[in-house]
Every structure is written in C-alpha cells, then in structure tokens.
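All chains should be modelled from the sequences, with the hints used to inform the complete structure.
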Amino acid sequence: MNELRCVIVGGGHVGLHAAKELGKSAKELGRTIQVTLIDKEPNHIRKVLLFRPAVGEERIDLPWSSLLPKHIQFVHGTVTAIGNGEKQVQYVDSSGNEHHLDYDILVLTVGSVVKRPNHDLGGLALTDLNSGIAIREKWQTNIRKAAVESDPQERIRLLTVAVAGAGISGIETSAELALAMRSEAAKYGLDPNQVKIYLLNAHHRLFMEGPDKAGQKLQSLLTDYGVTVLHKHFALREKDGELSLQDGRSLPVGLCIWTLGLAPNPILRSLGVPLTAGGRVQVDECYRIGGKTGLYSIGDCARIVDPVTGHEDPMTCKEGIVQAKRLGKIVIADVEGRPAPVHKELMSYYCIGLGAERGLLWTRKWGVDFLLTGKLAWRIKNYGWDLASLLR
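With my numbering applied, the sequence shown covers -13 to 378.
Just so you know, the hints here were simulated from the structure itself, not pulled from any lab data.
Careful, some of the hints might be misleading.
[What the hints assert, rightly or not] Below are the EDC-like pairs computed for lysine to aspartate or glutamate, each with C-alpha atoms no more than 16 Å apart in a straight line: (1) K182 to D233; (2) K101 to D88; (3) K124 to D226; (4) K182 to D114; (5) K304 to E331; (6) K26 to D47; (7) K315 to E343; (8) K13 to E322; (9) K278 to D320; (10) K278 to E322; (11) K315 to E14.
Right, here's the structure in full:
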C-alpha cells in the first residue's frame, strides 16, 4: 500500500507540530501520507495563553483552517478507543454519533489538563477559556463596586486578588492581572495603588526550576509591578470574601484565582495504553508505546526520559515541539526498517512573560547561568507563544 494513514489524537501545541512534521515526511518516504488530526474542541486553544482572557478580551481560540495545511484533515470528535488488536480509532462526533478511522501510524498528543480544586473550596480556577472570561468579569465587577463603596476596608477587599499557585502560570497571571486591574481602577477614579495582588507560593522561593538568583529577580520584578509574593503560604478555602490559609490566618479578598499546575489528561486511563503511576504514557527512547512501531506518544501526556542522562522532560510546550520534530524522523526510520533517532533532552531554558513588553529568560550553558530581562525577553517569549501555535 503506497498511502500511509496517520492519525493524531489531540490538537494542542504538540499535536499541531506532530501533524506538520508527519505531513512533511511524505517527501522523504516517497509515499503519500494521509494525516488526520482529531480533537474534541471546535477550535485550537492557545493553552499557554490561558491567562489572557482573564485580563482582557484577546482571543486565544483559533480556527483549525487557519493553522493546518490543506492536506491535513481535521476531525471534530472525542476519541473513545484506539483499537485493541486492530489499528482503528473510535471516536464520537459533536452530535454524539460514533465513528472509526483506520490507521497505520497513531500519535497520542492529548497533553495535560489544569488541576482543579474541589468545588467547595470557593474561588475560580483558571482552567480553560470560559473560566478566564469568568475571572475577568468578576474582578471588573468588583472594581465597579469599589468605585461606589464608602467603606474603605470593603473597598480594599474588593480591589484585592489572591492567586493561589506560583508556578509559571501563576506568575504570568498575577503580573498581567496587576497591570489590567490598575489600569481599570484608574478609569473609575480609584487609586491604582489600592489594587493588591497576592501570589501565594507553596515553596520558599519562586521558580524552583532555576537558580535562586533567578527566583529573586522574578520576585523583585513582580514587586515593582504591584504583586506581593507570600512564600510558604497554602490557600485552603475562599468563602464570603475571606481566604483561609493553612497557618490559621485569613486574607480578605474580592477574588481567589487557583493556578494549581498541570496533570496528564485523564482520558488516557480509558484508552488502554500503559501508564506510569502518575498517569502519563510509558514510551521508549523513540516515543513508541510498548516499544512497538506504529503507536507513539509525545508531549505532556507522555513520560519521556533521556536515555543518557536519565532526566525526564518537563511538561512545557518547548519540549513537545522538539519531540514532534524528532518524531517525524523516527516514523520515517521505523517505516523504512532502519535505526531511529533517540530522544535527547533540551538544555535548561525557561522564559516567563510579565506583561507590557516585560519578561525574564533564564538558561544554563557550560555550567553558567544566563539571565535576561526586559523587552528582549518579552519578544523571545512572544515568539515562543506564536511558534507553539504554528503562527511563526
């Protein structure tokens, strides 16, 4: 058979890049490759920008037709099975009808989901597009109330937001929120300095992925932008405008935003693939599931380890993009029956956006830490955001 049927399950940033790379593989193989991408969302969600709907009206959902090359087919549906003994994907479309697709190559790129607190803990979790919009509507309503509030303490409470969770998402959310709320408060004749953003960090410093000096620089920048970082603080519950903390104290807030990090997509547990105790797909050094050709997984949903260093790739889109590029070469090698390239970790590198053309970039090379802040770091971060959604 001259045509190779390739199905990609999951259209996040990694799924997009996998589709692109596998589509390009046709020239090298000298065969036609039919690439189909399946996703449950009607549009591609720029997940790395989830905080943007929480602070403004920027669209982070893009139509698939604007991103995917014409030769790649998009299917709107939720995958329910990937075949047991036969190479067939089963899925349910948006109308509830069941379908199936045959494949020769299947790539799982269903990614991760944002962790949600229990419903009875109050506040709003920044988990998707709709929650971002709900967060923005809440703090904007609070500002309007504060503009006519005669009680000074109540006014301050309405202008106070706690961001519970100080990973990169929490950092970027708190920085952008401080800018947006101060600007909005000024429009209503309020003192922007009365806006208070608290970032609750469970650790003793920010940015545990990098060196202490990078965490200190981040905190200094956030302080300049109007964000107060509270280290070793755990939020327990928000109720009636009071955020209870683990040490027994409480914080009066107009809004609590939960940014609790990522977890592997729970749909994996229903697909019959081997998983780690943490719920990620077990793959070999060539991203093969079960060590077999034809079935692969990359991105946040897969546990990918450098066979030389033993280091596990973190759950960030930059690793997934590089994995997708290597996957294209792996698939070609597997189809041709020759040795495939193996996984190799990226050098340590993080870039954090802080809003208003401000950012921080840290990397380590030759055992030396390099730290960059300001507009250049912001431009690099924006380039990475655009690259993730094939806008570059």
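A quick look at each hint next to the structure:
1. Straight-line distance between C-alpha atoms of K182 and D233 comes to about 21 Å, which puts the hinted pair past the 16 Å bound.
2. Of the pairs offered as hints, the one joining K101 and D88 is violated, with about 33 Å between alpha carbons and a cut-off of 16 Å exceeded.
3. Distance check on the hinted pair: K124 and D226 sit about 14 Å apart at the alpha-carbon level, within 16 Å; holds.
4. A hinted pair counts as satisfied when its Cα atoms are at most 16 Å apart, and K182 with D114 does not qualify at roughly 24 Å.
5. A hinted pair counts as satisfied when its Cα atoms are at most 16 Å apart, and K304 with E331 qualifies at roughly 11 Å.
6. The hinted pair formed by K26 and D47 meets the criterion: a straight-line CA distance of about 13 Å does not exceed 16 Å.
7. Of the pairs offered as hints, the one joining K315 and E343 is violated, with about 37 Å between alpha carbons and a cut-off of 16 Å exceeded.
8. For the proposed pair K13 and E322, the alpha carbon gap of about 13 Å is at most 16 Å, so the pair holds.
9. This hinted pair checks out: K278 and D320 have alpha carbons roughly 10 Å apart, not beyond 16 Å.
10. Only pairs whose Cα atoms come within 16 Å are accepted, and K278 paired with E322 is accepted, the gap being roughly 14 Å.
11. Restraint check for K315 and E14: satisfied, since their Cα atoms lie roughly 9 Å apart, inside the 16 Å limit.
Figure legend: structure checked against the earlier numbered hints; hints not met, in rising order: 1, 2, 4 and 7.
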